[in-house]
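Throw the hints in and build the complete structure from the sequences for me.
All residue numbers in the sequence shown are consecutive under my numbering, ending with 312.
You may find that some hints are simply not true.
Said to hold, decoys possible - In silico lysine-lysine, BS3-like type, Cα no more than 25 Å apart, as pairs:
no. : residue 1 : residue 2
1   : K78       : K187
2   : K252      : K138
3   : K252      : K187
4   : K73       : K192
5   : K192      : K138
6   : K220      : K73
7   : K252      : K73
8   : K192      : K78
9   : K29       : K220
As the list claims (entries may be wrong) - Distance ranges between label pairs, derived from CB positions:
no. : residue 1 : residue 2 : range
10  : E33       : F129      : 39 to 47 Å
11  : I288      : L217      : 35 to 43 Å
12  : F276      : L166      : 25 to 33 Å
13  : L82       : K252      : 36 to 44 Å
14  : S190      : K220      : 40 to 48 Å
15  : I287      : W229      : 33 to 41 Å
16  : K252      : S225      : 38 to 46 Å
17  : F66       : G39       : 35 to 43 Å
For the record, the hints were derived by calculation from the structure and aren't laboratory data.
Nothing here was measured: the structure is a model prediction, and the numbers come from that model.
Cβ atoms here follow ideal geometry from the backbone N, Cα and C, with glycine treated the same way.
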Amino acid sequence: MSKEKSVLFPAVPAVFCTLLWGTAFPGIKAGYELFSIDGQDSGSMVLFAGLRFFIAGFIVLLIGGFKEKKLQKLIPHKNDLLPISVLAFFQTLLQYFLLYLGISTVSGTRSAIYTSAAAFATVLASPLFFRGDRLSVKKISGCIIGIIGIVYMSAFAGSFGGFTLLGDGLVILSNLSGAAGNIVSKKITSEKRGPVLVSAWQLVLGGAALTITGIILGGKLSTDSLGGWLVLLYLAAMAGIAFMIWTYLLSKNPVSRVAVFNLLIPVFGTMWSGIFLRENIFTASNIIALILVCSGIFLVNFSHTRLISRNK
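Spelled out as structure tokens, the structure:
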């Protein structure tokens with residue numbers, strides 16, 4: 001791979017994924033309003049998330065069906081069920097169950113800080129599982145600079161307040177579960193399992209488990225608005241496409257090189273929220289935060305590019 005391609009890949013598709021995930025912030029809020037889901041109705045929140053990811057899994061299978069000539073490639077073998085179930089547990093079931101329970105008492109900008117911290121945790125943990133994904137001063141510096149950018153943006157949004165175990169604590173655990181999911185995803189796709197197969201079935205299994213959990217918790221979804229179902233369908237399609245691309249990127253690149261792009265999610269989340277809510281997003285704090293985050297991402301990826309060049 002040429003130097004230009006090594007810099008652009010996985011940058012372009014990873015940025016596209018985080019751009020899509022950023023739309024989830026205003027999208028979920030709009031979905032709650034259209035389905036009349038109260039901020040304290042945890043059961044309905046979890047049910048909403050479950051249906052979203054369950055549908056997302058079938059959307060990925062549909063996309064894979066057009067791509068693959070042999071549909072049996074999209075059917076998991078019995079040896080695939082356990083590793084995919086483990087991934088579904090960390091990346092969908094546990095991550096979003098904890099997130100939807102904790103997010104009701106945590107502001108969106110403060111939860112963005114915890115998202116960026118999870119990216120840092122992934123970069124630190126990946127060398128323990130993958131020999132080729134070594135730590136370096138540039139990697140650690142890049143993550144720290146990126147996190148400083150998110151904290152700076154959140155500080156100007158006035159998002160700091162009292163820490164609660166059932167709010168902030170659950171959101172932090174949710175992001176750590178997502179970080180573990182990145183590592184598990186890399187592990188099982190490196191064992192010759194296709195990214196479409198893995199991403200589709202982990203979404204189906206995780207989404208089904210969330211849906212059942214939401215029903216057990218007394219969750220209900222009802223709306224007279226077609227817009228509510230269209231928002232849910234969009235969120236499902238967005239999640240399916242983003243997870244499919246993300247799983248592919250993890251299968252082809254060191255985990256830390258991909259995971260650091262998670263730092264862009266809160267930045268894009270703020271941007272999309274500002275656009276839909278007609279707020280001024282071109283503030284000095286947002287611009288400085290974006291510069292810091294992009295600088296941090298560049299440092300982590302530049303470290304990998306230099307490492308590849310030396311190995312050649």
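We went through each hint and held it up to the structure:
1. K78 with K187: This hinted pair holds, its Cα atoms lying about 17 Å apart.
2. K252 with K138: holds (21 Å)
3. K252 with K187: holds (11 Å)
4. K73 with K192: Distance ~12 Å between K73 and K192 Cα, so the pair holds.
5. K192 with K138: Violated. K192 to K138 sits at ~31 Å, over the 25 Å cutoff.
6. K220 with K73: violated (35 Å)
7. K252 with K73: Roughly 19 Å separates the two Cα atoms, so the pair holds.
8. K192 with K78: Given pair K192, K78 holds - Cα atoms ~15 Å apart, limit 25 Å.
9. K29 with K220: holds (17 Å)
10. E33 with F129: 39 to 47 Å: Between E33 and F129, where Cβ atoms are some 41 Å apart, the hint holds.
11. I288 with L217: 35 to 43 Å: Holds, since I288 and L217 (Cβ atoms, about 41 Å apart) stay within the stated range.
12. F276 with L166: 25 to 33 Å: For F276 and L166 the Cβ distance comes to about 29 Å; the hint holds.
13. L82 with K252: 36 to 44 Å: violated (23 Å)
14. S190 with K220: 40 to 48 Å: holds (41 Å)
15. I287 with W229: 33 to 41 Å: holds (37 Å)
16. K252 with S225: 38 to 46 Å: Given range 38 to 46 Å: holds, Cβ gap about 41 Å.
17. F66 with G39: 35 to 43 Å: holds (39 Å)
Hint compliance for this structure: hints 5, 6 and 13 are not met, and every other hint is.
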